[in-house]
Amino acid sequence: MFVLVEMVDTVRIPPWNFDRQLNEAMAEELNKKLANKYWLPGDTATPHLSRCRYSICSGARSARGPSTADDVKVVYNVGLCICLYDITKLEDSYIFPGDGASHTKVHFRYVVFHPFLDEILTGKIKYCSQEGVHVTMGFFDDILIPPESLQQPAKFDEAEQVWVWEYETDEGGHDLYMDQGEEIRFRVADQVFVDTSPTGPAVAASDAPAQAGQATAPPAEASEGKKEAPYTLIGTICESGLGLLSWWNS
Amino acid sequence: MTCYSLFSQTDQFVTFTFFFFTAQVFKLLIDLKEQRKDGGKSKHSAGQQNLNTIMYETLKYLSKTPSSRQSPEIVKEFLTTMMPHKLTKAEKLQLLNHRPQTAVEIQLMVEESEERLSEEQIEELIQTISDHLPGDPEQEKAAAETDEGGGQS
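Chains as they are written, first to last, in the working numbering: chain A, 1 to 250; chain B, 1 to 153.
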């Protein structure tokens, strides 16, 4: 369910934290930056690296205050970051012209939620929809069990908005409802990473002159449209032992 | 703007990662929580809402799992007794995280269990698991009570 990931990053320590132990200040910055966030596949590695150099030199103006979610949605399909495990190596710190902060390259290990393929997990049903059964683990919400991966035969009860397993026994059929809040055990069948980081202004700029009349339409649609989760687990319960815990307890 | 100079290849991450038992994560989070409590509400805790949220939610989830009752000693001892069973690391990890009590659960977590494990071996495995890994005290109490009730009636 969890993995330990070794990472390397350059961390900026603002001058008002200079009185503190470097390790302690660093741990705090790393947690501020990464905890409860996703690391996603970037388009390629090089743009990020170049952006990196850019930010070391000129990022001072934008780097004040706690980082927001937007500026961290970068790079590599890692998973959901939980918390810092330890710092393994600190390199030399540098101070750049125009910024009083120090920049230190740090090697550290981070605890990340990233189940392996075929791992068995337990969660709770958040809700059901035509798309399938949506499951939550509390700290992680984006789990979908698509209709074809449910115990078969399955049907969607439109009136109650719930999936039903039409379980056949010798004495006849039993309808097993997959109600909201029920504990469910599933197998990880796939994981989907979507880069949800905001697209650069270049796209908007090239669109705007072309269709002046509808210039506002595409961005509005994008923001109002269904927000895609950056990291989604696709589950399956199409195996004996999987599904609601109550199905297998008796 | 933040700076990231990570590994250039995505798959490199896999080589740099290893499994972490949920019991380890649970302990880490409990320790971190204590540490932060001791530190009091210092001025440094500002801007750590993300950490607080994920810590709270992960702990809430993990405290309901068998992992919350597994100390490092228990985990170590369990892994030692598991040696002769010839299971993969991922399989042992899942046994620890889920503490399966039925054959059907074991079959889910052990790949091709029909070929690799005999019925006796599965029974043995379940026995080892319940001997070494503590169960939910409340559930066990409830089970004991229903057993008693069954005996009396």
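A hint or two may mislead.
Straight line, CA to CA, 35 Å or less: simulated DSBU-like cross-link-like pairs of lysine-lysine [as the list claims (entries may be wrong)]:
hint: 1; chain 1: B; residue 1: K92; chain 2: B; residue 2: K33
hint: 2; chain 1: B; residue 1: K37; chain 2: A; residue 2: K155
hint: 3; chain 1: B; residue 1: K86; chain 2: A; residue 2: K105
hint: 4; chain 1: B; residue 1: K37; chain 2: A; residue 2: K126
A few chain A positions that, by computed beta-carbon distances, are all more than 10 Å from chain B [what the hints assert, rightly or not]:
hint: 5; residue: N36
hint: 6; residue: C81
hint: 7; residue: I82
hint: 8; residue: G98
hint: 9; residue: I120
hint: 10; residue: K126
hint: 11; residue: G138
hint: 12; residue: F156
hint: 13; residue: D170
hint: 14; residue: Y231
hint: 15; residue: E239
hint: 16; residue: L244
I should point out that these hints are in silico values taken from the structure, not numbers from a laboratory.
Don't be surprised by glycine CBs; every beta carbon is placed ideally from N, CA and C.
Hints, one by one, checked against the model:
no.: 1; hint: B:K92 x B:K33; result: holds, 28 Å
no.: 2; hint: B:K37 x A:K155; result: violated, 49 Å
no.: 3; hint: B:K86 x A:K105; result: violated, 41 Å
no.: 4; hint: B:K37 x A:K126; result: holds, 32 Å
no.: 5; hint: N36; result: violated, 4 Å
no.: 6; hint: C81; result: violated, 8 Å
no.: 7; hint: I82; result: violated, 6 Å
no.: 8; hint: G98; result: holds, 14 Å
no.: 9; hint: I120; result: violated, 6 Å
no.: 10; hint: K126; result: holds, 14 Å
no.: 11; hint: G138; result: violated, 4 Å
no.: 12; hint: F156; result: holds, 25 Å
no.: 13; hint: D170; result: holds, 20 Å
no.: 14; hint: Y231; result: holds, 14 Å
no.: 15; hint: E239; result: violated, 7 Å
no.: 16; hint: L244; result: holds, 14 Å
Comparing the model with each earlier hint shows violations of hints 2, 3, 5, 6, 7, 9, 11 and 15; every other hint is respected.
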